[in-house]
Amino acid sequence: MKPDLFEAPDYYNLDELLSDEHKLVRQAARDWVKRDVSPIIEEYAQKAEFPEQIISGLAEIGAFGPYIPEEYGGAGLDQISYGLIMQEIERGDSGVRSTASVQSSLVMYPIYKYGTEEQRKKYLPKLASGEWMGCFGLTEPDHGSNPGGMTTNFKDKGDHYLLNGAKMWISNAPFAQVAIVWAKNEEGRIHGLIVERGMEGFSTPETHNKWSLRASATGELIFDNVKVPKENLLPNKSGLGAPLGCLDSARYGIAWGAIGAAMDCYDTALRYSKERMQFGKPIGQFQLQQKKLAEMITEITKAQLLAWRLGVLRNDGKATSAQISMAKRNNVDMAINIAREARQILGGMGITGEYSIMRHSMNLESVITYEGTHDIHLLITGLDITGLNAFQ
Amino acid sequence: MKILVCISHVPDTTSKINFTDSDTKFDTNGVQFVINPNDEFGLTRAMWFKEKQGATVHVVNVGGAETEPTLRKALAIGADEAIRINTPATDGFSVAKQLANVAKEGGYDLVIGGRESIDYNGGMVPGMVAKLIGANFVNTCIGLEVEGDKATAIREIDGGKETLKTSLPLVIGGQKGLVEESDLRIPNMRGIMQARTKPLNVKEPVDANAETNTVSFQKPAPKGAVKLVDSVDELVNLLHNEAKVI
Ligand SMILES: Cc1cc2nc3c(=O)[nH]c(=O)nc-3n(C[C@H](O)[C@H](O)[C@H](O)COP(=O)(O)OP(=O)(O)OC[C@H]3O[C@@H](n4cnc5c(N)ncnc54)[C@H](O)[C@@H]3O)c2cc1C
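Sequence lines, in order, name chains A and B.
Read left to right, the first sequence gives residues 1 to 392 (UniProt numbering).
Read left to right, the second sequence gives residues 1 to 246 (UniProt numbering).
I should point out that these hints are in silico values taken from the structure, not numbers from a laboratory.
Since the structure is predicted, the reported quantities are computational estimates derived from the model, not experimental observations.
Treat each hint with caution, since some may be false.
Calculated pairs, BS3-like style, for lysine-lysine (alpha carbon to alpha carbon, straight line, at most 25 Å) [to be verified]:
#: 1; chain 1: B; residue 1: K223; chain 2: A; residue 2: K274
#: 2; chain 1: B; residue 1: K165; chain 2: B; residue 2: K50
#: 3; chain 1: A; residue 1: K230; chain 2: A; residue 2: K155
#: 4; chain 1: B; residue 1: K50; chain 2: A; residue 2: K274
#: 5; chain 1: A; residue 1: K34; chain 2: B; residue 2: K176
#: 6; chain 1: A; residue 1: K281; chain 2: B; residue 2: K223
#: 7; chain 1: A; residue 1: K34; chain 2: B; residue 2: K16
#: 8; chain 1: B; residue 1: K16; chain 2: A; residue 2: K23
#: 9; chain 1: A; residue 1: K274; chain 2: B; residue 2: K219
#: 10; chain 1: B; residue 1: K131; chain 2: B; residue 2: K2
#: 11; chain 1: B; residue 1: K176; chain 2: A; residue 2: K281
#: 12; chain 1: A; residue 1: K274; chain 2: B; residue 2: K131
#: 13; chain 1: B; residue 1: K198; chain 2: A; residue 2: K23
#: 14; chain 1: B; residue 1: K104; chain 2: B; residue 2: K25
#: 15; chain 1: B; residue 1: K165; chain 2: A; residue 2: K281
#: 16; chain 1: A; residue 1: K302; chain 2: A; residue 2: K318
Far from chain A, by Cβ distances over 10 Å, these chain B residues were calculated [said to hold, decoys possible]:
#: 17; residue: G134
#: 18; residue: N188
#: 19; residue: I192
#: 20; residue: N201
#: 21; residue: G224
Just so it is clear, CB atoms sit at the ideal spot from N, CA and C, and this is done for glycine as well.
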């Protein structure tokens, strides 16, 4: 693969909206991606293998739970810092960002928000240091966009819960030590349970042959009469709102992450358009190529503003789920379109692994589907503005 | 052991260099600043002294408030305290005087500077600091060990290396070799968070007049077009009669 020459675009001087600390956080994540992700990621994606060495790197830079307080092993940073870290990691690869998002927002966040003090102390430091990896089981074979219909369930057996069911499409499942599993109790109410690898009846078969997020491991979670200790229930929130609260945090990170993927595609295409000569001119001198590039930077700039404003709202605890849906939907769609246009600017070179664009393009097909599909987020906005529910 | 690492705040090597005010000022617009690479090798070596030998590490910079992010980064990497001397870094001698004053007041055993900063490439400051505080000095230093008050330093010399025994207090002009590029550290998020509460003390400068002033900057002439020649004779002819180099 070509050396990583990435230069981040900032067309509207948005850096002036960031603090020196934000810029230091971003630079640290950017330097790490250049040093440890860019040189290896293409090979792992081609092999469809998860680069395990990346776990210690992510932990070392502090990408696991950056906004979790320091006493639990996090860094206690704000939401904009979290967003910038996700942006930089996804600039490298959406699969690596997925690993970090799941660990931070879907595993550490629910334990921190909904767990007991004992659960926080037991799990969070090990998750922050990467000693344990976690996964998040919400989606089921028959319940994707409609997780409330889930059939995975647990029964109270006096001194333990008995868990049965199956989850599908679960990131990090094949190697995770800890799974946050959403299941219904006997009354049909959704609760979160911490399931650990090694519990009898719990298995995690890997999902193969993906054309997307190939450097991230995806699998199933199968529960066949798994005895889960009662102290493993997350007591402080239940109902569909509990997993959706985690998704808010992860979707927010994706809204930033997608900008990273888009910036990488734009930067690559811009550089290529100035170097590649056809008809005696750099192709960047042709109006059709300029239109593509000019539209890309316009869309990136709008997405940056959306993400930044959402970060400010989240720092103030004021961002609504519907606002997060809008940013996730807009920014991922923006990135997938830019990846497609950027790939065309590179002509035939764009389809090879020499450049990152095709990998981003394929990765974004998952990103536009998981954490709420493109359609579902639109319906969330629709519901929010009309008050009329299209899901019922 | 008390270590002072001198940190220059310099434009990243990929920056596009321009001048303003009729070519008398460097145009910082859009320029990204970094820790001077030679100083970063020194800072990393200082972190090893801290981790392996319990040294205390302070960092110092002569410059305006705009250089503080560079000092914060050094704190995030692990330095204990930062000092900024609040005056623009003009010429080497006045900078050396400011640094020497801090080095003396703080009673440092080891002062680590870089062989040169990659902005103006003066390469004078560490030697001047050593003289001003009466410490030993090793320039182009590519290896350093300290035991008690004895130091062993390796110096890069033409075509080889020279190993020196010396004693503290010591000033070095460090460079790559003190540690390798792969040893350089990226600050982590906890480090960045902790840097928030570490002291960054701003000191007013001691009286020091600049001995030199910039009159104007001039960029090298842009490279001309490549000329392809067909024979060695023609090449010799052109080098002799046109380029006048042989
Ligand atoms: C690589 C990858 C990793 C993933 N990781 C995780 C994970 O870690 N944890 C986890 O729990 N899940 C994970 N998922 C699952 C993901 O969240 C789901 O795939 C997603 O929610 C969509 O569900 P589905 O695939 O069942 O599609 P479906 O829900 O069957 O949707 C199919 C199509 O129908 C549309 N649709 C559905 N309902 C409506 C409606 N009411 N109105 C209009 N259109 C509708 C959808 O928009 C979509 O286009 C992952 C998925 C992938 C691909």
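Now for the hints, and whether the structure bears them out:
1. For the proposed pair K223 of chain B and K274 of chain A, the alpha carbon gap of about 19 Å is at most 25 Å, so the pair holds.
2. For the suggested pair K165 of chain B and K50 of chain B, the alpha carbons sit about 21 Å apart, so the restraint of at most 25 Å is met.
3. Taking the CA atoms of K230 of chain A and K155 of chain A, the gap is near 11 Å; set against the 25 Å cutoff, the hint holds.
4. Distance restraint check for K50 of chain B and K274 of chain A: the Cα-Cα separation of roughly 47 Å exceeds the 25 Å cut-off, and the hinted pair is therefore not satisfied.
5. As the CA atoms of K34 of chain A and K176 of chain B are separated by approximately 20 Å, the hinted pair is consistent with the 25 Å bound.
6. Between K281 of chain A and K223 of chain B, the direct Cα distance comes to roughly 20 Å. Compliance with the 25 Å bound is thereby established for this hinted pair.
7. Taking the CA atoms of K34 of chain A and K16 of chain B, the gap is near 21 Å; set against the 25 Å cutoff, the hint holds.
8. Simply put, K16 of chain B and K23 of chain A have alpha-carbon atoms about 20 Å apart, close enough for the 25 Å limit, and the pair holds.
9. At roughly 24 Å between alpha-carbon atoms, K274 of chain A and K219 of chain B fall within 25 Å of each other, so this suggested pair holds.
10. Our distance criterion of 25 Å between C-alpha atoms is met by K131 of chain B and K2 of chain B, whose separation comes to about 19 Å.
11. Of the supplied pair hints, the one linking K176 of chain B and K281 of chain A is violated, its CA atoms being roughly 42 Å apart against a limit of 25 Å.
12. Straight-line distance between C-alpha atoms of K274 of chain A and K131 of chain B comes to about 51 Å, which puts the hinted pair past the 25 Å bound.
13. Restraint check for K198 of chain B and K23 of chain A: the C-alpha separation of about 18 Å stays at or below 25 Å, so the hint holds.
14. A C-alpha spacing of about 32 Å is found between K104 of chain B and K25 of chain B, which places the hinted pair above 25 Å, so the restraint is violated.
15. At roughly 61 Å between alpha-carbon atoms, K165 of chain B and K281 of chain A are farther apart than 25 Å, so this suggested pair is violated.
16. Restraint check for K302 of chain A and K318 of chain A: satisfied, since their Cα atoms lie roughly 21 Å apart, inside the 25 Å limit.
17. Against chain A, the non-interface label of G134 of chain B holds: every CB pair exceeds 10 Å, the least being about 37 Å.
18. Separation of N188 of chain B from chain A is inadequate, the least Cβ-Cβ distance of about 5 Å not exceeding the 10 Å criterion.
19. In this structure I192 of chain B is not separated from chain A by more than 10 Å, as the shortest Cβ-Cβ distance comes to only about 6 Å.
20. In this structure N201 of chain B is separated from chain A by more than 10 Å, as the shortest Cβ-Cβ distance comes to about 17 Å.
21. Every C-beta of chain A lies more than 10 Å from that of G224 of chain B, the closest at about 20 Å, which supports listing it as non-interface.
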